[in-house]
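Just so you know, the protein sequences line up as chains A and B, in that order.
First residue of the first sequence: 581, per this note's numbering; consecutive thereafter.
First residue of the second sequence: 17, per this note's numbering; consecutive thereafter.
Just so you know, the hints here were simulated from the structure itself, not pulled from any lab data.
Treat the hints with care, as some may be off.
Heads up, simulated DSBU-like pairs for lysine-lysine below, C-alpha to C-alpha not over 35 Å straight-line [what the hints assert, rightly or not]: (1) B/Lys172 to A/Lys597; (2) A/Lys597 to B/Lys129; (3) A/Lys597 to B/Lys143; (4) A/Lys597 to B/Lys314.
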Amino acid sequence: MPGRIVRWIDRDPTFAKAVVEFAGVSRDVHMACVPDATVGQYVIVHAGIAICVLDESEAHKTLAAFKMLEEVDDEIPQ
Amino acid sequence: MKYLSEFRNVSAAKILVQQIRDRATRRWVLMDVCGGQTHSLVRYGIEQELEEHVDLIHGPGCPVCVTSTELIDFAVSLSLQPDTIVASFGDMIRVPGSRDSLMQARSRGGNVKIVYSPVDAVLIAAKNPQSQIVFFAVGFETTAPATAIAILQAAKLGLQNFSVLPAHVRVLPAMQTIMEMPGNRVEAFLAAGHVCSVTGFAQYEPFVSNYKVPVVVTGFEPVDLLGGILRCVEMLEQGICAVDNRYGRSVCRAGNESAQAIINRVYMVDDRDWRGFGTISGGGYRLRSEFANFDAAKRFERCVQTVAVESLCRGGDVMSGRIKPKQCPAFGVGCTPESPMGAPMVSSEGACAAYYRFDPLQLEKPR
Ligand code: SF4
Numbered sequence: 581m582p583g584r585i586v587r588w589i590d591r592d593p594t595f596a597k598a599v600v601e602f603a604g605v606s607r608d609v610h611m612a613c614v615p616d617a618t619v620g621q622y623v624i625v626h627a628g629i630a631i632c633v634l635d636e637s638e639a640h641k642t643l644a645a646f647k648m649l650e651e652v653d654d655e656i657p658q
Numbered sequence: 017m018k019y020l021s022e023f024r025n026v027s028a029a030k031i032l033v034q035q036i037r038d039r040a041t042r043r044w045v046l047m048d049v050c051g052g053q054t055h056s057l058v059r060y061g062i063e064q065e066l067e068e069h070v071d072l073i074h075g076p077g078c079p080v081c082v083t084s085t086e087l088i089d090f091a092v093s094l095s096l097q098p099d100t101i102v103a104s105f106g107d108m109i110r111v112p113g114s115r116d117s118l119m120q121a122r123s124r125g126g127n128v129k130i131v132y133s134p135v136d137a138v139l140i141a142a143k144n145p146q147s148q149i150v151f152f153a154v155g156f157e158t159t160a161p162a163t164a165i166a167i168l169q170a171a172k173l174g175l176q177n178f179s180v181l182p183a184h185v186r187v188l189p190a191m192q193t194i195m196e197m198p199g200n201r202v203e204a205f206l207a208a209g210h211v212c213s214v215t216g217f218a219q220y221e222p223f224v225s226n227y228k229v230p231v232v233v234t235g236f237e238p239v240d241l242l243g244g245i246l247r248c249v250e251m252l253e254q255g256i257c258a259v260d261n262r263y264g265r266s267v268c269r270a271g272n273e274s275a276q277a278i279i280n281r282v283y284m285v286d287d288r289d290w291r292g293f294g295t296i297s298g299g300g301y302r303l304r305s306e307f308a309n310f311d312a313a314k315r316f317e318r319c320v321q322t323v324a325v326e327s328l329c330r331g332g333d334v335m336s337g338r339i340k341p342k343q344c345p346a347f348g349v350g351c352t353p354e355s356p357m358g359a360p361m362v363s364s365e366g367a368c369a370a371y372y373r374f375d376p377l378q379l380e381k382p383r
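Isolated chain A (complex conformation) (with noise of 0.2 Å):
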């Protein structure tokens, strides 16, 4: 589930920190994979440890291609 960055604890490239809420649920998770992350940016998180920031203009994207996908379906007489 992607999470929220809230604020950043620590920036040592070991021990990078920050709080992340996940579904109003906040958490600190390890931020070393993910330095350049910023708040407000969504990350991907497994054992812990921030693995991506999601791309949200991917996201859009992806969403965009369902709306047209729906759009082209109502077209098509049944």
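Using the hints provided, position chain B with the ligand relative to the given structure of chain A.
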């Protein structure tokens, strides 16, 4: 939930199912390579919905399931040593070795702790200077950065009582092994999304051209998986062999280069024994010599003998896609999550556990 529920959109899923049915001119064989994907495919009934058009088989997507019996026996013996604590993930402690699981060892006085993250094991070491803390490091490339960070933290803190038992495995060599198995039926792969978040997908390009098999990187939600299956079917129908990424929000071609740098700083690629597969060349990681003092296999003497036990478990066949869980004669009869005969029924990422949990009703004929 943001970026989650949107990818469970029912009407998009229905349209994708129909498109897959419309495009498939024959029943194609697709393998997923991630336990999380296996669970979603079974849980959301995707496999049943597409039954006539796509044969979805499940690969070695559970790192806990492929951890060798010898390593589990070693971890068990360490947990029974005085002033030694073995820490690992919850699933790992339930997997049987040749005699006991770590959980059984705990009931015999073994010191075993479940942790959520390898860095939690570093904290335990810092708080218990009188004990040796051994983290049993299982997982794919997704988990390897977490263990590498734990080792870097322990090194920076100068901890002398922290080590790891390396059991990390690499996905791509296992996919190569499956393609070379006699009787292999895989025609396309759904690649493991979060492994690719770390490694990227460029690594699949030579694999695809060598084995002429399409690979599509997918996520875990129903619409992600259906989009991945549709793309596999389209490529197969058109005779295209390529790598395609359908999980762009989490995966890019190069992957997470910071995470790769952390793995490469601490680990080297090495051969590894896979339960049910044998030794896979380049199938795992070992610690670099610079970090050898954090290697529990070197720090502690391996004073345990693994005993060969006859088992009816067909976990190796399940994890190489040769049979589906319900085709194992023991499924749901001698083997249940309460009394598992093999790792794929124990682990929450195991294929047998997925079927037992979400699709236990009709049993298929054993093969
Ligand atoms: S059902 Fe049980 S015995 Fe059969 S393969 Fe799965 S784990 Fe092994």
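Evaluation of the provided hints:
Between B/Lys172 and A/Lys597 the CA atoms are separated by roughly 16 Å; this keeps the pair inside 35 Å, and the hint holds. For the hint pairing A/Lys597 with B/Lys129, the CA-to-CA distance comes to about 23 Å; that is within 35 Å, so the pair holds. Of the pairs offered as hints, the one joining A/Lys597 and B/Lys143 holds, with about 20 Å between alpha carbons and a cut-off of 35 Å not exceeded. Using a Cα cut-off of 35 Å, the hinted pair A/Lys597 and B/Lys314 holds, with the two alpha carbons roughly 31 Å apart.
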